[in-house]
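K.L.:
The residues making up each chain are set out below.
Number of protein chains: 2
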Amino acid sequence: MHDLTPEQTAALNERHRERMARKKAMIDARIAAADKQVGILIVNTGNGKGKSSSAFGMAARALGHGMKVGVVQFIKGAIKTGEEAFLRRFPDEVSFHVMGEGYTWETQNRERDAAKAALAWEQARRFLQDPAIGLVVLDELNIALKYHYLDVHAVIADLLDRPIMQHVVVTGRAAPPELVAVADTVTEMKVVKHAFAAGIAAQAGTEW
Amino acid sequence: MHDLTPEQTAALNERHRERMARKKAMIDARIAAADKQVGILIVNTGNGKGKSSSAFGMAARALGHGMKVGVVQFIKGAIKTGEEAFLRRFPDEVSFHVMGEGYTWETQNRERDAAKAALAWEQARRFLQDPAIGLVVLDELNIALKYHYLDVHAVIADLLDRPIMQHVVVTGRAAPPELVAVADTVTEMKVVKHAFAAGIAAQAGTEW
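Top line first, the protein sequences correspond to chains A and B.
Take 1 as the starting number for the first sequence in the working numbering and just add one per residue.
Take 1001 as the starting number for the second sequence in the working numbering and just add one per residue.
Worth double-checking, as some hints may not be accurate.
Listed next, the stretches of chain B that the computed footprint assigns to chain A, with coverage defined by at least 3 CB atoms under 8 Å from CB atoms of chain A [said to hold, decoys possible]:
1) 1009 to 1016
2) 1024 to 1032
3) 1054 to 1062
Calculated lysine-lysine pairs in the DSS-like style (CA-CA distance at most 30 Å, straight line) [claimed, not checked]:
4) Lys1036(B) <-> Lys1068(B)
5) Lys1023(B) <-> Lys190(A)
6) Lys23(A) <-> Lys190(A)
7) Lys24(A) <-> Lys1146(B)
8) Lys23(A) <-> Lys1193(B)
9) Lys146(A) <-> Lys1023(B)
10) Lys146(A) <-> Lys190(A)
11) Lys1190(B) <-> Lys190(A)
12) Lys24(A) <-> Lys1080(B)
13) Lys24(A) <-> Lys1116(B)
14) Lys1024(B) <-> Lys80(A)
15) Lys116(A) <-> Lys68(A)
16) Lys116(A) <-> Lys1023(B)
17) Lys1080(B) <-> Lys68(A)
18) Lys1146(B) <-> Lys1190(B)
19) Lys1193(B) <-> Lys146(A)
20) Lys36(A) <-> Lys1190(B)
21) Lys1080(B) <-> Lys36(A)
22) Lys80(A) <-> Lys1023(B)
23) Lys1024(B) <-> Lys190(A)
Just so you know, the hints here were simulated from the structure itself, not pulled from any lab data.
Note that the structure is a prediction, hence the values are computed from the model and not measured.
All C-beta atoms in this analysis are idealised placements derived from N, C-alpha and C, irrespective of residue type, glycine included.
This is chain A alone, in the form it adopts within the complex (with noise of 0.2 Å):
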């Protein structure tokens, strides 16, 4: 950029003008097309880093628009998490539930696992049916599904039941496809490196 002559450089400018102008018509009419105001069905997967994390970014953003937000954490627990640490300093905002005990390779006890999956959904069902909660963060809750600890058509019956108005963010690898099927935004979280495979544990902070 520093070698241009001054002409080559308003012609930078008066190029990069025009396309931008170009780009926010197209950008302004879809946002005039897509006014539909609703709760949406998120869900996050693939085997990528993010897919908790941006649920947890979810919360926040929530939170800064004043909306209560109820968390469902699905398979984790053994370790103390950042997110949960966090979160219920606002208890009166955030209600935040556990299922503990850990991964499923923890336990390694397929029936004490899926009837804590049974506890834990209980009480996503009653996030579910309450208005007032802006935000339901089902967390881990896809690994759940694989492991078919619930049952997926049970699951999306009580998800598509909910308050019109109520966001929904589930997470976790290997998502059902009938739940992205149901769902309304869908991303998959692609690894393109990770620093575990170069001998970084997972540390406070980032992953936990």
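Position chain B against the provided structure of chain A, taking the given hints into account.
P.N.:
Frame of chain A; chain B shown alone:
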């Protein structure tokens, strides 16, 4: 699950236990091998949802672990976001800096945008030189690099020169290959589907 004989259920539970025991052994070995504790550079890119929200979820995690967080938002700024409103509630823990003036297609002025990006990078550098800050969020930095408002090599030099234990998260579509090359963890957020395409507006609490 409901019509199995007791013998079938016992066999299913035993297969689950064996599978999870193998998984636990594999994961424990991988965790033992990945023992480096070091600040990591994370890049969230791609066209899908979750790049910025994941960075703010990591901010929540870091705060839960008692870390201090520095945020610079490039490009965004015309709309007051939920993450900004929320994180500004903790001025002793979070230092929040917004470049302002909205997205580049709103200003349509390359030189003004470039000057603002340079000022925002000065703030980012102050965070990157402060070992008291455990996590630096550089939201939408990739957009400033894509439009060459900032020189990618100068940015990378500052990133690599940061305190050894400091984590950094960079977000935005179209991360430059030079940045991907030096990052520790890179995730591509891929659109599987998006509510916007179905005519649903970007809404408070989920998108901003």
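K.L.:
Just to be careful, I want the Cα atoms of lysine 146(A) and lysine 1023(B) compared with a cutoff of 30 Å; is the pair within it?
P.N.:
Cα-Cα ~15 Å, so holds.
K.L.:
Given the hint that lysine 1193(B) pairs with lysine 146(A), test it: the Cα-Cα distance must not exceed 30 Å.
P.N.:
This hinted pair holds, its Cα atoms lying about 21 Å apart.
K.L.:
Count the residues of the segment 1024 to 1032 of chain B whose CB lies closer than 8 Å to any CB of chain A, then report whether that count reaches three.
P.N.:
holds (count 4)
K.L.:
Within a Cα-Cα threshold of 30 Å, do lysine 24(A) and lysine 1080(B) meet the stated pairing?
P.N.:
Roughly 19 Å separates the two Cα atoms, so the pair holds.
K.L.:
Quickly compare the C-alpha distance for lysine 1024(B) and lysine 80(A) to 30 Å and report which way the hint goes.
P.N.:
holds (19 Å)
K.L.:
Given the hint that lysine 24(A) pairs with lysine 1146(B), does the C-alpha gap stay at or below 30 Å?
P.N.:
Measuring from Cα to Cα gives roughly 17 Å; hence the hint holds.
K.L.:
Verify the proposed pairing of lysine 80(A) with lysine 1023(B), using a straight-line Cα cut of 30 Å.
P.N.:
holds (22 Å)
K.L.:
For lysine 1080(B) and lysine 36(A), compute the direct alpha-carbon distance and say whether it is at most 30 Å.
P.N.:
holds (21 Å)
K.L.:
Would you check the hint for lysine 1036(B) and lysine 1068(B), treating anything up to 30 Å between C-alpha atoms as holding?
P.N.:
Roughly 21 Å separates the two Cα atoms, so the pair holds.
K.L.:
Please check whether the segment 1054 to 1062 of chain B has three or more residues whose CB lies within less than 8 Å of a CB on chain A.
P.N.:
Since 9 is at least three, the answer is holds.
K.L.:
Is the hinted pair lysine 23(A) and lysine 1193(B) satisfied, with a Cα-Cα distance of at most 30 Å?
P.N.:
holds (22 Å)
K.L.:
Regarding the pair lysine 1190(B) and lysine 190(A), is the alpha-carbon distance no greater than 30 Å?
P.N.:
holds (7 Å)
Every hint, counting from the list given before, is met by this structure.
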